[in-house]
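K.L.:
The lines below spell out each chain.
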Amino acid sequence: MRVIEFREALREAMSEEMRRDERVFLMGEEVAEYNGAYKVSKGMLAEFGPKRVIDTPIAELGFAGIGVGAAMNGLRPIIEFMTFNFSLVAIDQVINSAAKIRHMSGGQFSVPIVFRGPTGNAGMLAQQHSQNFESWYANTPGLKVIVPSTPYDAKGLLKSAIRDDDPVIFMESELMYGDKGEVPEEEYLIPIGVADIKRQGTDVTIVSFGKIIKVAHKAAEELEKEGISAEIIDLRTVRPIDYQTVIESVKKTNRLVVVEEAWPLGNISTEITYMVQKQAFDYLDAPIVRVVSADTPLPYAPTLIQEALPSPEKVIKAVKKVLYRD
Amino acid sequence: MGKVETKKNSIKKSTASFSKDQYFHWLEQMILMRRFEEKTGQLYVQQKIRGFCHLYIGQEAVAAGIVSATKKGDKHITAYRDHAYPIALGLHPKYVMAEMYARATGCSRGKGGSMHMFSKEHNFFGGHGIVGGQIPLGAGIAFAEQYLGTQNVCITAMGDGAVRQGAFHEALNMAMTWKLPVVFIIENNLYAMGTSVARTSNVTDLYKLGCAYEMPSYQVDGLSVEDVHNAVYEAAERARRGEGPTLLEMRTYRYRGHSMSDPQTYRTKEEVEEYKKNDCIERVIKTMKNNNWITDADIEKIEEKVKAIVDESVQFAEESPYPEPHELYEDVYVQHDYPFIKE
Chain A
1 MRVIEFREAL REAMSEEMRR DERVFLMGEE VAEYNGAYKV SKGMLAEFGP
51 KRVIDTPIAE LGFAGIGVGA AMNGLRPIIE FMTFNFSLVA IDQVINSAAK
101 IRHMSGGQFS VPIVFRGPTG NAGMLAQQHS QNFESWYANT PGLKVIVPST
151 PYDAKGLLKS AIRDDDPVIF MESELMYGDK GEVPEEEYLI PIGVADIKRQ
201 GTDVTIVSFG KIIKVAHKAA EELEKEGISA EIIDLRTVRP IDYQTVIESV
251 KKTNRLVVVE EAWPLGNIST EITYMVQKQA FDYLDAPIVR VVSADTPLPY
301 APTLIQEALP SPEKVIKAVK KVLYRD
Chain B
1001 MGKVETKKNS IKKSTASFSK DQYFHWLEQM ILMRRFEEKT GQLYVQQKIR
1051 GFCHLYIGQE AVAAGIVSAT KKGDKHITAY RDHAYPIALG LHPKYVMAEM
1101 YARATGCSRG KGGSMHMFSK EHNFFGGHGI VGGQIPLGAG IAFAEQYLGT
1151 QNVCITAMGD GAVRQGAFHE ALNMAMTWKL PVVFIIENNL YAMGTSVART
1201 SNVTDLYKLG CAYEMPSYQV DGLSVEDVHN AVYEAAERAR RGEGPTLLEM
1251 RTYRYRGHSM SDPQTYRTKE EVEEYKKNDC IERVIKTMKN NNWITDADIE
1301 KIEEKVKAIV DESVQFAEES PYPEPHELYE DVYVQHDYPF IKE
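Protein sequences appear in the order of chains A and B. Under this note's numbering, the very last position in the first sequence is 326; numbers go up by exactly one each time. Under this note's numbering, the very last position in the second sequence is 1343; numbers go up by exactly one each time.
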């Protein structure tokens, strides 16, 4: 199978959907003439023209709202945030408009829109550019939230997101755009809300999503050398969450570690932990352990970043804890 | 580069450009809006209507003038003072009343309440509760019209408080840059809740805010239905010609508080009484009488007709059922089998 970059997978998803449906357009900062701040939309202006690939001023609140209004009135916008850190100035339109309009209009108006862009840390970018809001958006009824970790998943899920009739938050990473992976030439879709077992295992279940899952993969490789077989579940979607796949795995391995890039309080790992204790309490042989970011803003210094973020070492330690091998 | 145009329209007296039928239509519509809102206020005091409740009394000329000046395919969106606007667009008042009664027959199925009236059938895109939030939405609705190549415009209404929000400025800037077919209408009733316009900015002539974006911007006597109509018509035609948005500041006044819980300590009773002397409905009646188009008996007939509609609306609401509990999960997603977390 051919191998392409993550950013190319995203571009293919958008371009294919724009060829398929005239109502789909891309709007955001630097998406057109600059070819994308991270080159995700490279070449799209040339193919689709300025009517459908639209540069905006730096006005996230305004263009997020324009996207929602356009979606209410028959179009299917893709709104790019240069990063989801900047989505905070637009969050009123995401939460109060996109997520609410269908319910408060009694079903008369729907909002088929995708808000996409990178999330999480991306090197030494310091406090304001290194945040994970997956659980913030996932907390809100009316939205769907996708956080893929491979080019294959990214393409199939983005195509589904664009075709979805509900508002979708689609979160990527600057650190993944150059990742390469197998993506077939032929068209495919991946359903929203279905987790993927990325690695089969028998001794422990590791649940994760997004780029931080790479940490889990590295840990699993090391653990294998020690004879520990880890199963890795990639949630891929954090609203809705595919609890069933997680529960089934825990019933098999009896041990669970959750790896997430977000801050600890009230994040996705909190939710997974709650649901597993509720639905699989009797299957657990050890308390669930999670590996998440430190309960602090993420600073600039590399020593402090290392201290704050999940790492393979931290995951290995967590796995050994649930196996009582520490 | 758009030409900057600003002007203050003077108050126009009776004009020959509107027919007797148009005046009768305006009068009946404005009386309906007013009597409906008066009844709403009474029912709120009786706790038949709950939640927040913002009445339109005094401002009827704005909705009436907008509706007469626009066409069938045009779209409309406003903030939360939204009971009268959809009625002016032709939505039967009983669906608005039932919505305030939280009944399943309401125009938003009892889920939105006073602040969230919607009617897709009448191109009314709501009733929005975050001050200024509807302004980018209105620009986006207009964006879709431009994208789809229609001749429709989107009327985007807001209160004077909303113009201090970033959303207003971002939307005006992009609408003007992209020449979106939108008419921004500020219903300046002089008070953002309890804070007067003068206390929120040095710029108290709100139409001037459009000039920063080189947008055609006008101040209009919002108590004159004729002036509102003329200004909106001209702006909508400009948008239809592909020349982009217009900002209209309608100088109006609300007789009641910001919401039903407002003690109105920020203004004097004398000020309210002074404005009532210039009442928008009385002005329509005066024009009609000057033309010998209407008698007191005719007005009485309109009042009776309106009373019957309002009574019917209340009865409809009273007799309608509340939504069933299972309806809570309906209309959150288009996806019919979304897996909600249910404990």
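Hints were generated in silico from the structure; no laboratory data involved. Just so you know, these numbers come straight off a predicted model, no measurement behind them. You may find that some hints are simply not true.
[Stated by the list, open to error] Below, in silico cross-link-like pairs of lysine-lysine (DSS-like), each with a Cα-Cα straight-line distance of 30 Å or less: (1) B:K1342 with B:K1071; (2) A:K252 with B:K1342; (3) A:K278 with B:K1342; (4) B:K1342 with A:K251; (5) B:K1286 with A:K51.
[Stated by the list, open to error] Cβ pair distances, simulated, as ranges: (6) A:G43 with B:K1072: 35 to 45 Å; (7) B:Q1315 with A:P141: 29 to 39 Å; (8) A:L304 with B:S1196: 44 to 54 Å.
Virtual Cβ for every residue (Gly too), placed ideally from N, Cα, C.
K.L.:
A separate judgement is required for each hint: does it hold in the structure or not?
P.N.:
Cross-check of the supplied hints:
1. B:K1342 with B:K1071: Violated, at roughly 46 Å.
2. A:K252 with B:K1342: Distance ~25 Å between K252 of chain A and K1342 of chain B Cα, so the pair holds.
3. A:K278 with B:K1342: Holds, because 12 Å separates the two Cα atoms, which is no more than 30 Å.
4. B:K1342 with A:K251: holds (22 Å)
5. B:K1286 with A:K51: violated (50 Å)
6. A:G43 with B:K1072: 35 to 45 Å: Holds - the Cβ-Cβ distance for G43 of chain A and K1072 of chain B, about 41 Å, lies within 35 to 45 Å.
7. B:Q1315 with A:P141: 29 to 39 Å: At roughly 35 Å between Cβ atoms, P141 of chain A and Q1315 of chain B fall inside 29 to 39 Å, so the hint holds.
8. A:L304 with B:S1196: 44 to 54 Å: About 50 Å separates the Cβ atoms of L304 of chain A and S1196 of chain B, which means 44 to 54 Å holds.
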